[in-house]
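Read off the chains here:
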Amino acid sequence: MTTDLTRADICAVAIADAFRGDGERLCNPIGNLPLIGGRLAVATFEPHMMLTDGFYTLMDPTGPDDVPPINLPEPERIAQRTVAHWNPYREMFSLLFHGRRHVMMGATQVDRYGNQNIAAIGDWLKPRRQLLGFRGAPGNTINHTTSYWVPNHSPRVFVEAVDVVCGIGYDRAAELGPVASRFHEIRRVVSNLGVFDFEATDSNGIPTMRLRSVHPGVSVDEILEATGCDVVVPDQVPESRLPTPDELETIHRLDPKGLRFYEVPAS
Amino acid sequence: MPGPDKRCTEDEVVAELESGMTIGIGGWGSRRKPMSLIRAILRSDLKDLTIVAYGGPDIGLLCRSGQAAKVITGFVSLDSIPLEANYGVARQNGTVEAEEWDEGMLLLGLTAAGWRVPFLPCRAGLGSDIPKLMPNILTVRSPYPTVVGDVEENEELIAVPALELDVALVHQNVSDSSGNAAWLGEDPYMDDLFVRAAKKAYVSCERIVATDELASVADVTHLRIARMDVTGVIHAPNGAHFTECQPDYGRDEAFQKRYAATAKSDEAWVEFRDEFLDLDEAGYQAKVKELQA
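Chains as they are written, first to last, in our numbering: chain A, 1 to 267; chain B, 1 to 293.
Quick caveat, the hints were computed from the structure, so don't treat them as lab data.
A couple of the hints might just be wrong.
Below 30 Å or equal to it, Euclidean Cα-Cα: the simulated DSS-like pairs (lysine-lysine) are [stated by the list, open to error]:
id: 1; chain 1: A; residue 1: Lys-126; chain 2: B; residue 2: Lys-264
id: 2; chain 1: B; residue 1: Lys-257; chain 2: A; residue 2: Lys-257
id: 3; chain 1: B; residue 1: Lys-289; chain 2: B; residue 2: Lys-257
id: 4; chain 1: A; residue 1: Lys-126; chain 2: B; residue 2: Lys-132
id: 5; chain 1: B; residue 1: Lys-70; chain 2: B; residue 2: Lys-200
id: 6; chain 1: A; residue 1: Lys-126; chain 2: B; residue 2: Lys-47
Please model the complete structure; the sequences and the hints are all you need to start from.
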């Protein structure tokens, strides 16, 4: 382990691993650490995924070093992107209805079935706190693979039941039946403490949240204490893997200003 | 042959509007919003408006002024400031009715209105709380069977209702005097769809050029709005301020911060309104120039 390895770097690698095996489709992380992780995947083990420039085009970097850093000022963002496709918002909806996309969104609340809320806290009709609205979450989750990133793992985020279902989880998908839900997949929930997948089922056979790994320095008890919903805990919970030296170098290149530490502090 | 001259002012547009109307507003978040037209509405006594938009400060301002009774949106955001605080306060106080759709649903609702069909089907929204919380969002069963493995089913889909607008307001970079208009950035947003979804559409623009200059200032693929669908054209240089209007100008972040602070107190709102909203567009633009000097 190099001396400057941080929890944020572990998170970046866990996020990248969520895209592993996706092949030729759109890698569409939203938020700083998801962007770092998604671009890391494309710069290393998933080179055939396409990337968004964050706005209106899809990029095809000419090689690993051409995957641009996140959060560049506007002139550099334009200069450093290798444009492959025009992707204005209307085309993004067309693309996501078609389904060749894996998005990683944030979640203000998430439950054991992977239901996600970004719309409002409290009663939606007159919320205690208005958030973003439903944005693209209903369409994303019913049409293609979706993962979530939670930088502040707590019982207020991992809840028994979300206040508003924006992104739909496996119980809602099961209610719709196998035809309507055939494109639904919640792949991972990556947090600052660990990684969850849905490779377990509840007593009704519905996929449910399973602790996949804990980040180094975090105990299983600690993560369960910070989780307000039931999760399946296997007998052996591995530690999240460490970045390779090459991955670490790439993370530093993708995030030279250290924006990842605003989400997951270094100390 | 040249089309009719439809040039008019913001205040002439507002004189055509009525309380209770459904108004669609183009742009996206805090990008290319027809702000000079919004400012004219803010100076008027129009009320009980229903606003349809990929929302930004347009919705925030009309909630703050109390003129929006209802909004239909996919989100309301200032982009660089993720949450629109004036909209948030209005929601939390229950002073505005909301329909918060999936963003893709909004695209289909506008398209349906433009095509004069009552709905368009999609999968987005199924299983989410949208059809549970918004009782006017219904589903439709496909007349065609879908076969998946050994299951055959007439699929149930969300029937996104047509978003029929009384009026659409959009801002473009360039237009001729009869409403053939083009955007010059990288995204048309849904502006042309708002125009077709509306009974009357008003296009504000940075520059008005002769029709025979249009194809030399904009690539033909950007000439998305045709004069047949346009009621009025407003010459509004810097008209999208403080939202961005690429490539002509970026967002005025300092001004946007100042606007966002109006959610904090009634005093802050009154002060902002006195300084920037209770004056005509020329006065507003002069103030902005002063601030930027």
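Against the structure, the hints come out as follows:
| no. | hint | result |
| --- | --- | --- |
| 1 | Lys-126/A <-> Lys-264/B | holds (19 Å) |
| 2 | Lys-257/B <-> Lys-257/A | holds (24 Å) |
| 3 | Lys-289/B <-> Lys-257/B | holds (17 Å) |
| 4 | Lys-126/A <-> Lys-132/B | holds (15 Å) |
| 5 | Lys-70/B <-> Lys-200/B | holds (20 Å) |
| 6 | Lys-126/A <-> Lys-47/B | holds (21 Å) |
In this structure, none of the earlier numbered hints is contradicted; all agree with it.
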